Each structure stands twice: as structure tokens, then as C-alpha cells.
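Letter by letter, the chains look like this.
Protein chains: 8
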Amino acid sequence: MNWKIYLSGEIHTDWREQIEQGVKQAGLAVRFYSPVTDHQASDDCGDNILGQEDKPFWKDHKASKINSIRTRSLIDKADVVVVRFGEKYRQWNAAFDAGYAVAMRKPLITLHDPDLTHALKEVDAAASAVAQTPEQVVGIIKYVIAGT
Amino acid sequence: MNWKIYLSGEIHTDWREQIEQGVKQAGLAVRFYSPVTDHQASDDCGDNILGQEDKPFWKDHKASKINSIRTRSLIDKADVVVVRFGEKYRQWNAAFDAGYAVAMRKPLITLHDPDLTHALKEVDAAASAVAQTPEQVVGIIKYVIAGT
Amino acid sequence: MNWKIYLSGEIHTDWREQIEQGVKQAGLAVRFYSPVTDHQASDDCGDNILGQEDKPFWKDHKASKINSIRTRSLIDKADVVVVRFGEKYRQWNAAFDAGYAVAMRKPLITLHDPDLTHALKEVDAAASAVAQTPEQVVGIIKYVIAGT
Amino acid sequence: MNWKIYLSGEIHTDWREQIEQGVKQAGLAVRFYSPVTDHQASDDCGDNILGQEDKPFWKDHKASKINSIRTRSLIDKADVVVVRFGEKYRQWNAAFDAGYAVAMRKPLITLHDPDLTHALKEVDAAASAVAQTPEQVVGIIKYVIAGT
Amino acid sequence: MNWKIYLSGEIHTDWREQIEQGVKQAGLAVRFYSPVTDHQASDDCGDNILGQEDKPFWKDHKASKINSIRTRSLIDKADVVVVRFGEKYRQWNAAFDAGYAVAMRKPLITLHDPDLTHALKEVDAAASAVAQTPEQVVGIIKYVIAGT
Amino acid sequence: MNWKIYLSGEIHTDWREQIEQGVKQAGLAVRFYSPVTDHQASDDCGDNILGQEDKPFWKDHKASKINSIRTRSLIDKADVVVVRFGEKYRQWNAAFDAGYAVAMRKPLITLHDPDLTHALKEVDAAASAVAQTPEQVVGIIKYVIAGT
Amino acid sequence: MNWKIYLSGEIHTDWREQIEQGVKQAGLAVRFYSPVTDHQASDDCGDNILGQEDKPFWKDHKASKINSIRTRSLIDKADVVVVRFGEKYRQWNAAFDAGYAVAMRKPLITLHDPDLTHALKEVDAAASAVAQTPEQVVGIIKYVIAGT
Amino acid sequence: MNWKIYLSGEIHTDWREQIEQGVKQAGLAVRFYSPVTDHQASDDCGDNILGQEDKPFWKDHKASKINSIRTRSLIDKADVVVVRFGEKYRQWNAAFDAGYAVAMRKPLITLHDPDLTHALKEVDAAASAVAQTPEQVVGIIKYVIAGT
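Chains as they are written, first to last, in my numbering: chain E, 1 to 148; chain F, 1001 to 1148; chain Y, 2001 to 2148; chain D, 3001 to 3148; chain V, 4001 to 4148; chain P, 5001 to 5148; chain L, 6001 to 6148; chain A, 7001 to 7148.
Read the hints as simulated data drawn from the structure, not as lab findings.
Just so you know, these numbers come straight off a predicted model, no measurement behind them.
Each residue gets a CB set at the ideal place from its N, CA and C atoms; glycine is no exception.
Do not take every clue at face value.
[What the hints assert, rightly or not] With the C-beta cut set under 7 Å, the calculated list includes, among others, these residues of chain L facing chain A:
| no. | residue |
| --- | --- |
| 1 | Ser-6064 |
| 2 | Arg-6090 |
| 3 | Asn-6093 |
| 4 | Ala-6098 |
| 5 | Ala-6103 |
| 6 | Met-6104 |
| 7 | Ala-6119 |
| 8 | Lys-6121 |
[What the hints assert, rightly or not] Restricting the straight-line Cα-Cα distance to at most 30 Å, the calculated cross-link-like pairs of lysine-lysine (DSSO-like) are:
| no. | chain 1 | residue 1 | chain 2 | residue 2 |
| --- | --- | --- | --- | --- |
| 9 | V | Lys-4142 | P | Lys-5059 |
| 10 | D | Lys-3088 | D | Lys-3055 |
| 11 | E | Lys-88 | E | Lys-77 |
| 12 | E | Lys-4 | D | Lys-3004 |
Construct the entire structure; sequences and hints are all you get.
Written out as C-alpha cells, the structure reads:
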């Protein structure tokens, strides 16, 4: 089986690269998916493609709907969803993805620092594993796929 | 039809009461559901019922899982889910509920101040309506049920 | 069993009343649902409740999303969906409802004049019955529920 | 991932070719599906294959049911459904496809001129994006798949 | 719980009455559903309500589709489906109902003479119980509901 | 797309070969599935593999359950299900497969002589096409896949 | 909301009565369901109702299938499933019910002594709460329903 | 079709190898999946990857949740699930897998000695076949795939 893993959440550090590289080094057949991680492109895609909006609300609305075509399609196809929460920003989209993934019966792995534990308790309670480092996520993926 | 509406999210203001009262005054047959809104009871229910944990992580874990019995059962039965985001706290559970509700095909109404618009754009994009005040939510419920 | 029937589509003639009255005279336990049939209220509900939009597109968008809370909730709960197509207007929402209902496994009854047969052939092909008059719809409902 | 996109609706202009060509030039791995777009073949397939009918209703019925084997199978397999509405004809089948696709959880992109906005408001409200030109649809597909 | 049981199949003997009476005497809360069991009414409902067809195929087609509104709605709502096969006629609709019920996750009870065992082996293999007499079906219903 | 078509029903004539050959000659990418069509092997598989039963009922039961592993798996994976009814035998398994397939949302094509029309009216009413010859089935498959 | 709770598993102690009584004393609107807990009746229901079998395997088979009509129907309708594991017997049916319930999205509460923790780790990992005493289960039910 | 078969349950004998080898010798295209069968690795994966727990309960909990990512993903993808019950240990996870698989509509084959028949009667009643030896399972797989 070729495992498909969706990496949701925080886009300002290189945690995705760390996981992808760690898994690659382990020689596992995993395809990684993620949202568009170019912040500007993601915010502006609605205006860029479909024309400019006057109100920020509708600019955001158009962009987010286009982004949802990608994110929902990929989560729907994923075998596992990893969601990373960072210290900065509110990241409600990450928590939204987690809720969506759980309702779609996707095993969820959360990744965050221990000082976010209380704030994320409902999300973690729905997760199959709670990791603190990308290495731990790699460890879980390796174990789940290769058994070691 | 007796409409069932789940009120998720922020628990520090009286927005739930305002909505319930507004709908009651309109004479509509609506049953409202919500999570346990007593903060302390919600945090401690795991330890209180099943025994104390040493580590905060497992205390939170036990409590959140028990709370999820209530929240998921009620969201699963709801016709409409309203999620309120406030200024304070991270409220990832509210965004999680929103994602869960959308995946379960529940119409979503979000309720928040306009200055959270950009941070909540992915959640709002999945919503059937974005309100700024409890009165607007009452207005939507009245219109949806009674047509006026 | 208390049958629930959703009456979708054309809102400018009294076909809903004719069906409801015919079924009532037959003494059958049927609850009828429909969209908001007040054209103006339906068009303006977004602006009325949530504030005015400058662009007609977003005015329509907000209103239609609010209306969808009602229409989808009621179609989801219906046992049978009747969709009426008239001569005037494009009525794409009626055909949309028909497609939505069929995908949700709802038995579909269409109601339209015979000169719309060719234009509605894909919708009729998905229907359990194609009626030309409200009396025929009443006849179907009576037969389906009471067997005569 | 090899994206699968279903192109539903209007069959009298070359919008499908424009989209397919634009996506091909972008070097993206997309497989496009569509209904049978030969109008005559589509109308006559029932009579041609299964024998002639006297009544136009049953001729249409047989043909539409055969066509539905193709359209539903392909929509069920699609990742994204694009529906084009033109100025001419009633195109209830296009709106039916849109409703069916939405109920099957398929992201919907509508494509139509701005003067159809009001008539299509319920369909657009269920769409993830509303485009006015095939170029815009290409832009959305490129962004969703390649992130740029 | 108020159990709902659908009685499908053979319509020429009084097996339905026997089951309903036996269950009634046991004082159990069961609501029984069945197709229209008036053979003539069932065959002619399409022509009677929607107008006469020239070809027997389309007469049957129209009637069967109307009947399916009733049968599928009631099977979908049933907790248990009982299908009776008699000696006469081909009764493909009974076997069709059985296959439909099983796919919809309904517990199936078949009722037929032992000399039909080999012919019905695939249907019986999908059943939760295979009875030979209405008394046995009553026995099963009593045991399942009351535990004795 | 590589179409998958399941051929259910009658096993005493070469209708499967005719369809497979006709489709092959048309150069279409179709994979055909069918039940085990060796009558004896199918009847005896339970006893042969798991040991002999004394009672014919349990012999049939064991065999049919093993056969159902194949038939349900393949119907679940099929894009289209063709069910052939012949003159001989009761073929309740064919009608059962048809009901199962319809409930699993599979487009159904029935294949039978016109003198079975009345007996098969409920099954035909659930079908997307009713054919009388293997050539017609080939015609439908060709049209559905290739559009001509 | 009237909560429905299914009590599965061990049938040799009065844990069900303790839970039902505790919940009753708390004045909560809960309907409790359970399998037939009369061991002999449960083992013999197949033979008693449908006639005696020679082989113990088929006697058990017939009985278990009849019992499954009750257990699956009630689990399917339950809001919460409680599964009790005792010290004696293998109780594979209890673990089977737990797996079935989880796959059907039912919140699961397990009830067992701490010395079964390691043996039940996979079942407990799928549970929303792990209790050691009926009082704790009552505590959870009270908290989930009444919030205190 | 490439069949996917999940082998659940007992991990102390070489029954998996026997089945895989028997199927390989028959030249069939089957991919076999199983849980991590290294007992120690399976028990310790939580502590090994995510850090040590003080309480055995949470150690087991973390490990079992990680293991469930693998087991549920693979069962969800399997066409057939084989569950082996041995003489030793309680093997509640095997019965849990069986219940989960049945609820997910997977054909189930059980494999166990005849003296476990009574204890496993509910699990066997939900199975499509009950085998006593790995050779019999190979026989079923061969028959189901190759028809001989």
C-alpha cells in the first residue's frame, strides 16, 4: 500500500520538510499532501484568479473557498492527517481541518509543544497520537507502515 | 418540525441566553443544545468521576473524551450548528466543532466580531451564514423556520 | 407513519395549496414542507438580517446561503420530494433541488406541463413519477400512503 | 495525485476544449470527463440501441436513463465538478448535475456570464468558485493543483 | 422502542394477518408495513393516476415506479424486513426487496417452505433467520423484542 | 477510466461471452466480473472446502456464504451491474443481486426476453436500461463509454 | 433529548441494574437497552423457535443470528454503548459489540477491573471513557446529560 | 482485481505465513496486510516513540492508539478480513477487529479450533465462513478469486 498523508496547519517553519525527509530516508512509500503553503498566494488566490473584491470579507471568502477545493479533496483522499499547531496566530483553520478529518474517519496525529496541551485538549482527545516534534511524527509513520 | 440547534464555542458571555430568549419570544419550536458550559466542571470531569491523574495531559485527555460523548452526540442530532468565537482564548475546540459539523453535513452559522474575519476565513467559508451579533443569529433562525 | 413531503420549485401559482388541500381532504397524515415562497423575503433575507451588500452577487450569495439552511434541512428530512417546473423563469434552483434530492436517495415526483418534457428529460428520468397536474400528485400521494 | 474533473452543462461552444487545452499547457496531470456532447447521439441513444418508441416522452426517458449511467458514474468518480450555464436553452440537466454533485460532496465550480447571476444564485451559493470564463476555470485548477 | 417491521413478498395468502395477529396477542409494540397488497390496484396505479399507456412495458414501468416510492420509503424506515416466498409466481420483486434490504443493513427474515431451500440459498444466506411458518416469525419477533 | 462491469444472473447460456467479445471488438477498456459460473463448483464449495454437511440446508448455507464473499466484493467494486434473467429456474439470486446493486447506487442494466416483462417490472423499474439481447447490452456499454 | 444507552457484555452480575437505578435516582431521561440476558434463552432461541439442530455449531449459529437482530438493531439506535467485561468467560461477543459500535460511530464506555487493562488495551483505546465501577458509569452518564 | 486481505488476531503461530504461502503457490494476485506482529514492539511503540509513561494504563493507551492507525487503515482498505482465534490469551482485540470489520461491510472469515465454537458463536454468526485450518482459508481464497 502506498500511504497518503496530509500535513495540515502551521506554515511558517519547515516541519513539513523535516517529516518528508525523515520518511524518505526510511525508504517508505508515502505521498505527502499539504495546503498551498505560500501565504500570499493563498490569501490572494480569489482576487488573482476571479477579480478583485472591495470588501476584505469577500476577498477572504473567495480565496478560502478556492483553497477548500484543494484541502478537502486531499484530506478526503488521505490515509492519515497530521495537524501542526504553532505558537503564533490563531490557526483556526488547522483545528477546523482536524475536526473535519475526524468526522471523515481519518486517523489524526497532532503536533505541538507541550505548553499548548490544555488549549488543544479537545483536539488531542480526538487524535490517535500527540507528538511534540517532527521526529516523533516520523517515528509514528515508520512504525505504522513498517512495524519498527 | 421541531428544530434542534447546537450552540458551540465561547462560554464566557451570555450569547446563548440571548439567542434562546430571542427565539423563545418569537414563539418558535426550537430545542437548543450546548456543551457543558461550566468551565471548571468541564475541565475536571475526568478526574472527578474516574479518579485523579498526575499528569495534566492525561487529566485533560480523560475530561475531553468524556465531554466529547456529549458534544458529538448532540452535534450529530442537531439540524443547525452555531459556533461563536470570542476575542479571548484560542478556542480551538470551537473550530474543531465547526470542521466536524461541516463534515457531518450540518449547516453552520458562525458568530464573531468583524475583526476576526481574516483569522476565521476558512471557517466562515464553510458556513451558511456569518453573523456578528446574537440578534442576527435569532434573525436567521426566525427566517429559516418561519420564513419571515 | 407520518409522511413528510417537500414541495420544491415554482412559487407563482397555488399548486402547493391544491396538493395540501387534496391530501387533507383524503384524511392522510402528511406534513408538507416548502422553501420560503415569499419572493421578496427570499431575495432580501441576507441584506435584511446581516446588512446590505453593494454588489448584487454578494447580496444574492448571502440570501441563497441562508435559504439553503432551510431547504437542505427540510429535503434531508423529507420522505418524498415533489418539484414543480413552470413555464416562466429559469428555475435552476428547482432542478438543483431535484439533483440534490436524488443523490440523497429521496423519491422524486416532478410536476410540469407536457411541453417541458424534452427540456426536463434528465430530471424526469431520475423521478419516480412525472405528473402534469396537482391532482395527479395528490393521486400518487394517496396511493402511496393509503394504497387506493 | 491524478485529478479527475467532470465538465457538465452547455454543449454548443468549445469551453471544454479551452479548459482542457489550458490545463494541458500548464503541464498538469488532470483527466477530464464529460457527458456525451453529440446532441443528436445523446437524444437518440435509447431508440438507436433499444428500439424506437412512439411517444416522445418514453424516447426521452430511455435515452436519459442510458445517459445517466455515464454521467452519474463519472460524477461519482470526479474530484471536482465544473458546470457551465449558457444563455440558450433551459439547461435543467446542468443544474440537476450541480445539485447531485453537491449532495455527493463534490467541490463545484460554476461557469457563466454575470447576467445569469440572479437566476443561478442558489447554484452559485453551493459552489466553491464562480467563474465567468474558461480561463478563470483553468486558473482555479492550476492553483488548486500546483499552488500557483 | 417501537419496532417497525416490513412484510414483503407473496400477497395471495393471509400470512401477514397471521403475523400481525400473533404479535398483537403477545402485546408487543410493533408497527407493520407492507406494499400495496391489492394486486389489481398495484398493477394499474400508473395508468389510473397518470393516464393510460399503450405498451404493457410502460404501463408496468409507471406502476412499478410509483409502488417503489412506498416500498423503498418503508423498507428504509423498517428495523426488520420479513420476505415471504410462495410456491407460485416468480416473485422477483420479493428477492429484489431482500437484496435491497440487506444492502441497507436491515436484518432480514425469510419465510418459505423447505422445498424452496435450494432455490433461495443465496437469499437465505443473507438472512438473520429462515422461517417456515408465520408462527415461527412471530416467535422470532417476540424473542427479539421481549426476550422470551 | 477503466470501467468495471459485473455480469450477474443466468449461467446456462453464453451471454457473458457475447458481451465480453462485443466489447472487446469495440476496443474498449472494460474489466468484466462475474460470479463463479460452474454450477457444481458453486453448489459444492462449502462442503468441498470446509467439510461435508448432513443437511442440504446447511450445505447450501455454507456454499452461499462463501459465494457471497465473491459476489458482494465484486458488485461493490463494479461501475455497472448487468443482470440476466432466463426462462428457466427461479433465479432469485439474480433479483437479489439487482436489489443489492441498486441500494449500493450501482447503475443496473437488465437483460431478458420481453415475455418476462410483467414478472420483472419492479426490477426493470429500478434499472437504467432494459435490454433484450446481449448485442443491446454491448450497444449500451459502447455508448456509455465511447459516446457512439 | 431522550438518551438511549445500550448495555453490552457480561450477564452474570447486576451491573445493569446498578446503572439503571443510579441513573433513575438522578432523574434523567434515559432509555436502556441490552441483549437478552437470560443465558439459557439466548443459547436456545434458535432451536426453540425454528427447530432443533443436531450439530452444536448450527444450533449456536441459528441462535446467534436471531440474537443479532436484537443486538444490532439496538446498538444502531443507541446514543452511547457501554460494554462490561468480567473476569470469567471469554466474552468475545462483548469485544465484537465494542468494535461494531465504534465503527458505527457510537461513543463507547468500557467497564472492567483494572487487572484487565492490558488485555483490553485496544478496546479501551477506542473508548471515550474507561470505568471500573457501575457508579463511575452513572457518573459519566449524569455528567454527559446534565452537566454535573 | 488485486484482492487485499487483512489477517487479524493471534500472533504466536505461523498461520499467516501458511496462508500467504498457500495463496502464493496458487499464483493468485493477493496483497496481505496484518497488524504489527512483533509483540514487544507493539506493546512498547507508544513509549518508544513518544516518551515513557508512569502508569501502565497510559502506556497501553498510547501504544494501542498508534497501532490503531495501522489496523483501521488496513481493515478499511481490505476486501476480506480473516480473524484467527487461538487457545491462549483473551484476544479481545481480535474480536474487536471482527466487529469493526463487519460494521464496515467487510466479508469476515474466522479461523479457530472447533472447541472454541460456543465461545465464538456471535462472531462466527457474522462471518461469511468459519475455517478450522489455514489450508481451509487458502481454499476459500482460491475459490473466491479463481472459482476453483
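Quiz prompt | Non-conforming hints, listed in increasing numerical order | solution = Nothing - there is no hint that the structure violates, so all of them hold.
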